[in-house]
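Visitor: Going down the list, the protein sequences come from chains A and B.
Numbered according to the numbering used here, the first sequence spans residues 12 to 350.
Numbered according to the numbering used here, the second sequence spans residues 12 to 350.
Among the hints, erroneous ones may be present.
Any copy, or any two copies together, can satisfy a pair, since identical chains are not distinguished.
[Unchecked claim] The calculated BS3-like cross-link candidates involving lysine-lysine, where the alpha carbons are at most 27 Å apart (straight line), are:
id	residue 1	residue 2
1	K97	K66
2	K87	K111
3	K140	K111
4	K170	K140
5	K292	K331
6	K327	K41
7	K97	K60
8	K287	K170
9	K111	K66
10	K87	K331
FYI, nobody ran anything at the bench for these hints, they're computed from the structure.
Number of protein chains: 2
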Amino acid sequence: MIDVAQRANVSTATVSRVLNNSSRVSAKTKQKVLQAIDELNYIPNASAKSLRSQKTRTIAVVVSDIHSSYFAEIVKGIENMANSRKYRIVICDTQNEREKEVEMMSLAMDRTVDAMVFVAPIISNDEIKAFVDRGYTVGIIGRHIEHPSIPCAYTDNVKISQEVIAHLLDKGHSRIAFLSGYADSTDSYERLEGYMKALTFAQLPYDQELVENGQFNENGGYEAFRRLWFKSLDITAIFAANDEMALGVYRACRELGITIPEQLTVIGVDNNRVAKYITPKLSTVEQPKYAMGALLVEKLIDQMNDNDFIDQRVFKVDSKLIIRESSSISIDRTGSVST
Amino acid sequence: MIDVAQRANVSTATVSRVLNNSSRVSAKTKQKVLQAIDELNYIPNASAKSLRSQKTRTIAVVVSDIHSSYFAEIVKGIENMANSRKYRIVICDTQNEREKEVEMMSLAMDRTVDAMVFVAPIISNDEIKAFVDRGYTVGIIGRHIEHPSIPCAYTDNVKISQEVIAHLLDKGHSRIAFLSGYADSTDSYERLEGYMKALTFAQLPYDQELVENGQFNENGGYEAFRRLWFKSLDITAIFAANDEMALGVYRACRELGITIPEQLTVIGVDNNRVAKYITPKLSTVEQPKYAMGALLVEKLIDQMNDNDFIDQRVFKVDSKLIIRESSSISIDRTGSVST
DNA sequence: AAACATATTGAAATCGATTTCACAAAATGC
DNA sequence: GCATTTTGTGAAATCGATTTCAATATGTTT
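Kindly produce the complete structure, drawing on both the sequences and the hints.
Guide: See below:
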């Protein structure tokens, strides 16, 4: 920068002013400075910049598995919105490890980033609140946290369950199993709530045997389903907490010779890429992932740049049931089958 | 840091020495300093640190689509190795836009990162070389660049093609189409070379009509296949440049009523997640993605920390053909079919 | 006990930008 | 034409760490 200043015969202060359009600089000197910058191929040093300004214009996005289309879509929404606001994002993959999620907080603590977005985090609401109360800026996707300065974007899990179960009841099912994720995740809890509500609404009993927990991935679904199935509970339909788990159910069924949807109806959540390729095509629930990412990060950036801004903080977005082959068959009470 | 120094009754220099174990500090003062750090909950500022040290211990990983399992696995390899060397990585998704790939270079230019890893980049070798010659540190995955200071990890594309084609010839195919990616990508070029070599080896003619280019994704495969198919070339097998494209072929076939593998054999490359779920299961080629990522970044870090280090710079890793249902059928010259 | 080596520490310079403050030059008002 | 405001610019302080250099304290050798 000093070189630029010398070449343009001005002070570094002026160079800085030109770079940031901060205060008026005469057209003539501005021209000189720009030319010098160009000739020297000068690029301002990011560390120096953020050291002085105490801002990095960078947001960390913490996801548990970039591989999953759920996260990938959200990240795209975040990225595009962030870029349009001249923010950079860094994507942090925790590979489903709780410990790594905590580690990532150091990015905010050492001021590598200005803010963090946690997507469907593993850590508890209380931990996040404590973190925010220590002065860090955080946004959450996929969960709702009651806190005045934490923006959240999430889908109504209760409603998702209710719609799915209503659809299954409509198809004549009454023994509907629920493959849930980690028992203590908010998602799981809310979906279970919706599941129970829907049953109650249909005046069906809630049988705890029909609920099984597992990991939020293919193998989790596979194992949880096998535990369920070997209990011989006359299940005719499975509601899996996400499509990955539903794929695990598919695999188990293939091994066990159970045909979908004739012998078993399966529904997932996410509408991931595989869902529409696999045979039979998987019924699922679509969430506006891209929009959640974009909305949330826009809100977060607004919040960082204007502390008074106390607009809407919580985004509860709508989901949509997508009915495909895996839930295309109706059954009646006698056990006979019709398409 | 000044607070810490005051609380411990030492200078900031000493605090810094304690933090970095740089030079001898007496056990007693060290203890005092550590205690003060702990009590004040002090965390060094990353910007200041890297401004002074001219190092960020951060590596940018540029991929064209984090969603793809090809990239995701590589990134995991990179991340784990980088972390074990106390480096951070930032993942940059270019969403297949060439322009964004170029933009990402600014991360190195403004010293936000110490080095960049390009995974299967779109930009040309010459552009990358020019960048490196301007003093930036770069590693490449998925392509080979002849340059003394660019480490590369890649698979032998020629060999991949040869093995795939050999397998198909073995199954009795002689009209084998090749769905290539961008015509000017190195991958495409090398695979085409392997394709031609294999044909020559089998004393079959090379028919340019059988080669079609498309985008490296599902839709690219779909469209390229349709262009091919409507030329009515008596194709019995398709070799797609990656699994995504193969999935596009699947979709087109479903629409056109072509059965796989009875009427058409399909093989992809990548062994992505969908490949083993879809019906029929897709034959493909597995590359050691995780290992490529880890190897490359280890090399890159070594190179940054020791300029004399002129060990192996190029990693040509082995791939493996995975035969599944989509290529399970043999044909003979009379056109009859057997499993 | 003097001379010298070694261990420990602090003051101050430095990294490369931004920003405050002051001041000169130009523009405006009367 | 003089006072006043506005504009444009530079010198120097600052952000928060690291590192050099010098100074002091301690230990060792004769």
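Visitor: Taking 27 Å as the upper bound on the Cα-Cα distance, should K87 and K331 be classified as within, between, both, or neither?
Guide: For K87 and K331, the Cα distance is within 27 Å only inside one copy (20 Å; across copies 32 Å).
Visitor: Is it within a copy, between copies, both, or neither that the alpha carbon of K97 lies no farther than 27 Å from that of K60?
Guide: Close inside one copy (15 Å) and across copies (24 Å); limit 27 Å.
Visitor: I want to check one pair: K87 and K111. Are their C-alpha atoms no more than 27 Å apart within a copy, between two copies, both, or neither?
Guide: Intra 22 Å, inter 13 Å, cutoff 27 Å: intra and inter.
Visitor: 27 Å Cα cut-off: does K111 pair with K66 within a copy, between copies, both or neither?
Guide: both (24 Å within a copy, 23 Å between copies)
Visitor: Treating 27 Å as the Cα threshold, decide for K292 and K331: within, between, both or neither.
Guide: within (16 Å within a copy, 29 Å between copies)
Visitor: For the identical chains here, do K327 and K41 meet the 27 Å Cα criterion within one copy, between copies, both, or neither?
Guide: Answer is neither; intra-copy 48 Å and inter-copy 51 Å both fail.
Visitor: For K170 vs K140, is the C-alpha pair at or below 27 Å within one copy, between two copies, both, or neither?
Guide: within (26 Å within a copy, 54 Å between copies)
Visitor: How do K287 and K170 come out at 27 Å by Cα distance, when the copy is not named: within, between, both, or neither?
Guide: Within one copy, since 23 Å is at most 27 Å while 33 Å is not.
Visitor: Given identical chains, is K140 near K111, meaning Cα to Cα at most 27 Å, within a copy, between copies, both, or neither?
Guide: within (18 Å within a copy, 35 Å between copies)
Visitor: How would you label the pair K97, K66 (within, between, both, or neither) given a Cα cut-off of 27 Å?
Guide: both (12 Å within a copy, 24 Å between copies)
Against the hints set out earlier in the document, a violation occurs for number 6 only.
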